[in-house]
Each structure stands twice: as C-alpha cells, then as structure tokens.
Amino acid sequence: MRSVYAVYRKEMGHYFVSPVAYVVVGIFLIVAGFFFRLYMGLAIEQSMEMMMQGMGTDVDVPSEVLRAFFGLLSTLILFLAPMLTMGVFAEERKRGTMELLMTSPITELQIVLGKFFASLTLFAIMLLPTALYVGYMCFHTEPRIPWALVFAGYLGALLLGASLLSIGSFISSLTESQLIAVVLSFGVILILWVLDFAVRGSDSVAGQVLQYISVIHHYDDFTHGIIDTSSLIYYVSVPVLFIFLTVRSVDSMRWRRA
Amino acid sequence: MIEVEDLTKAYGPVTAVDHVSFTVNPGEILGFLGPNGAGKTTTMRILTGYMPATSGTARISGFDVFEDSLEVRRHIGYLPEAPPIYPDMTVDAFLDFVLRIKGAPAERRPALLSAAVEKTGLGEKRNELIKRLSRGYKQRVGLAQALVHDPDVIILDEPTVGLDPKQIIDVRHLIKGLAGDHTIILSTHILPEVSMTCDRVVIINKGKIVAVDTPQNLTTQLKGGQKVHVDVTAPEKPLTDLLSAIPGASRVEVSSHPGGHLTAVVESAPGQDIRSQIAAKIVEKGWGLYELRGASLSLEDIFLQLTTDDAAHAQPSN
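Protein chains in written order, with this note's numbering: chain A, 3 to 260; chain B, -16 to 301.
In case anyone wonders, no lab produced these hints; they're calculated from the structure.
It cannot be assumed that every hint is accurate.
Cross-link-like lysine-lysine pairs, in silico, DSBU-like; alpha carbons within 35 Å at most [stated by the list, open to error]:
#, chain 1, residue 1, chain 2, residue 2
1, B, Lys121, B, Lys159
2, A, Lys96, B, Lys121
3, A, Lys96, B, Lys220
Looking from chain A toward chain B, a few residues come up when the C-beta cut is under 10 Å (computed) [claimed, not checked]:
#, residue
4, Arg4
5, Gly15
6, Val19
7, Arg69
8, Gly73
9, Arg97
10, Leu103
11, Met104
12, Ile108
13, Ile113
14, His142
15, Thr143
16, Trp257
Since the model is a prediction, treat every value here as computed from it, not as a measurement.
Backbone N, C-alpha and C define an ideal beta-carbon position, used for all residues, glycine too.
Could you build all of it, start to finish, from the sequences and the hints given here?
This is the structure:
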C-alpha cells in the first residue's frame, strides 16, 4: 500500500541519519565477527587434535561453527533489538508528529506496518555482512557446505528478530520516553530469557507451556537446522499479535487527554 | 462546508466542549477566539479526526467526522499548536512525505510541493534540514504541510504564535490569500488578528460558545449602539437641540471643558452611523468642529466582557 510505503521510506531515512542505528549495527558486527573467528579457531583446533590422535576428521567444522555462531546471534539479537525499536513511537509522540500521522488519511495499521517493516529491513541489513563470514568459511571447507543449517539459521534469526522487533515496537508505543521504552524492552526480554533458562528440559505441564511461549526456545531448533512447523507458526503469531497490540495502543492515543 | 451540531467532549467529570454548534461557509475564514482551556484545541482535534466526540456531530464537506474519518482527513490540512515537523528531514523531503500520506497522486506531487513552498516563502530553504531552521521558518513549514495537498479545509491552531511582527504580517497575508479557494478555521489569542483576518468570529469560553458573528457586528451589538464624541466650540443649548434633532440620535450629553470647548457624546441605535450628519450640521451652523470620533468597543473589551462575566452578559447569538 502506498501509505505503508510512505511511512516505510520515512523510517528508513531516519535510521540512516540516526547514530543509534549505526552504533547498534556496528557493535553487532564487531562482536559477531570476533566470535565467528573464535569459533572457527576452536573448531579447527579440535579437528586437528582429533586428526593427530588418529580418530579421523570426524569433526564437521562448518556445522560446529555455524551452530555456535547462530547461538551467539540469538543472544546478540536479544540485547540489540530493543535499541532499534525504542524510538519508533516514543519519538513521534514526543515531537508531536503522531498528531500529523493520525489526522492524515492513513490507518493505524498502515502506520504500524510501515514502521515494522522498516525496522525489519534494518535488522536484515545488520545480519547481511555475517553472510560474508559464513560464505567465506563455506568456500574453504570440506566436508560439503551445510546449506540446510545456513538457511535454517538465518531464517530463525530473522523470525526471532521479527518477534523481538514487534515486541519492542509495542513497548515503544506505550511511552513518550525512549529511555523508558528501551529499559522496559530489555526488562521484558530478560524475563523471557530467564524464563526460558529455568524451564529447559522441564517435563511438567506448566514447564512445557512456558517452553512453548519462550521466544528463544523455538530458535534452538533452527540452529540445528531443523525447521519445525510449530515453531514457524509461533514465529508468525508473535509479530501478528504484537502488531495488533501496537495498533490498539496507537488508537488509544486518541482517547488520552492533550 | 463545516457543520458542527451540539458537539460535546467530556473527559470524565470535565467537559471540555459543551454542546457547541456553528457552521462555516465555503471560502470563509472563521476565527476561534477564547482564553486558554476554553476548548478551542479540543474542538479542532475533533474536527480533524484526531479524537472522537462524546456526543453531537460534525460534518466537513458533507462527511461525518467520526463515521467517515478517513474521507474527512483527505479534505483537511491541520496545523496544531506545535508544528508537527521532523527535525532530521529536509523541507522538501518532509513536504513530499506529507503529500504521500495525504494521498496526493504521484504526478501531482512536484507541482503541489513547489506551489506550497512558494506560498509560504520557503523557496531558499528547500534543501535545508528542518532542525537548522529558525522558529519563524519552522512555523512556515508547519503551515506548508497544512496546505501542501490543496485541501478544501484548513484548520490552524494559533498559527502566528512565536513569530516576529514581520512574519506575523506575512502569515496573516497568506491566510487571507487562501480564503475563497479554501475554507479556514483559525484559533488565536491575538484579538487584532481576528478582526484583521476573519470574516466571522466564534468566541468560546469554558467549552461553551459565547458569541458568533462578524467582528464588526460584535462590536456594535454588544455596545448596543455607537457613541460619537464631538469636540466643538458652540453655545450649549443650541448644540444640544441640534444634536438631539438628528434622526437616529437617542441620547445627547453635552459637557463643557476649560478652554471653551464643549464635548458632546451622542448615542445612536445599533447600526446607525450618524457621524457624517453630525459633522454636516455643525459645520452648517458655522460652529468650530475640532474632533469627531466614533467610540465603539474594541474586540478586546467585548472579549473580556464576554469571558469574564458570562453569567450576566453572555449573549449567544442568533
């Protein structure tokens, strides 16, 4: 839709001039790059050791590295996603431009979608350079390139990102302060993380339910190259839910006193 | 063009807008005058579709503001009290964005943009970042976004606040120039602004409409007529008789001053301007006419009277 695109364009423009975006992407790539190299080094070492001990080249270096790498990615994403969304609505409200958007012939859904897709695009741009490392490694390794793992890993990262960005977006719409938005997002994500940690491997019903709700839990399968349909459904439901909530939240701004 | 009927907005126990009704004719400039907290901004927010009313209706170009909100928004431009601008965008990029979200077709956008830039005098600043502009220019950008898509109706909330005198004149000029093709509602505290730019005025206080009329009518109506002051050298009794005999004169009061002058105050019925008659009669008699002035209440006086003593003096018009 033209309106969604108009909002999308504007948001992308803002990201490009915003120092926050560059800092976040920069930190992400530095840390990701560092750890990628670390994992590769470890895996190669391990493989050489096993060779020397005469146990054959049983170590599938690429898969090992990728698994560890995608695991790290999830942690990084958990920390950095809130920073990408903190200003999305809070800034508009503070500057009074929400009033412009809401007195123009566009719906709340169009506004929310435009912003969401922009944050998702930024997120994808952030992930993109890591494909270089993966590509480089895969080019130089044997055994053959584990395409399934690469594909699943990135898909999982994107879906995890989409979920976290939609949550962050919603939280940003609740407040005028970017600071509160980012702190609240961190808090929520931290709780989710701890929750996930606490119920890992749990057999109780409550534990299983919590496991399903956990954003991270579903990601684990993806890092192993497994694309589970229940996880796919989950990862589509979460953004849908939070986009809906954000639309409601934006609409509620109309009812608040000046 | 704009029909507001019995509009009410209540925030819990507080009624910000209380059964307000008025109409605005196509091409007219309507002024919204009232003290802070009177309900002007709330009314405008309801008209622009930003918030819903508690009860009552408002229609713009025939569309209901609540039922057909999206359609209404296609027809209006709005400048809130604080101009809704993005500091990190250039003037051009910002206005282009506004054009897009207002639904302007792609082919028309460049022309519309240039027209708006020209009307608001932003020609030199097109590629400047908005955050680098002065207050006056930022306000102009705010005005530009309200009219860039050539809307039927333009709603301006305190458009000249914070501008320097020259800029204020420019803005008023601009607004007057827009009338006819556009229907305009503007709210303000600045009383002379209303008498200078508006065709009609709505005075609102504590959510209720206190008066609706043209600025001129309001001044005469409230005073209940005009008072004419004359400063003459003349014998007292003949002067009193002469002035009383003028058709339309209702009361004559003559007093004397040191220096031999007499001051006469002649009251006339509302709408009757007897000044020329007074002048002619006095000169005919050969008396010295030193000063002749009509003393009507200024809009300021009316405003104060209406808004500070509404119980006793409020005259809801028509």
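The hints, checked one at a time:
{"no.": "1", "hint": "B:Lys121 <-> B:Lys159", "in the structure": "holds, 20 Å"}
{"no.": "2", "hint": "A:Lys96 <-> B:Lys121", "in the structure": "holds, 17 Å"}
{"no.": "3", "hint": "A:Lys96 <-> B:Lys220", "in the structure": "violated, 71 Å"}
{"no.": "4", "hint": "Arg4", "in the structure": "holds, 7 Å"}
{"no.": "5", "hint": "Gly15", "in the structure": "holds, 7 Å"}
{"no.": "6", "hint": "Val19", "in the structure": "holds, 5 Å"}
{"no.": "7", "hint": "Arg69", "in the structure": "violated, 41 Å"}
{"no.": "8", "hint": "Gly73", "in the structure": "violated, 36 Å"}
{"no.": "9", "hint": "Arg97", "in the structure": "holds, 7 Å"}
{"no.": "10", "hint": "Leu103", "in the structure": "holds, 7 Å"}
{"no.": "11", "hint": "Met104", "in the structure": "holds, 5 Å"}
{"no.": "12", "hint": "Ile108", "in the structure": "holds, 5 Å"}
{"no.": "13", "hint": "Ile113", "in the structure": "holds, 9 Å"}
{"no.": "14", "hint": "His142", "in the structure": "violated, 43 Å"}
{"no.": "15", "hint": "Thr143", "in the structure": "violated, 44 Å"}
{"no.": "16", "hint": "Trp257", "in the structure": "holds, 7 Å"}
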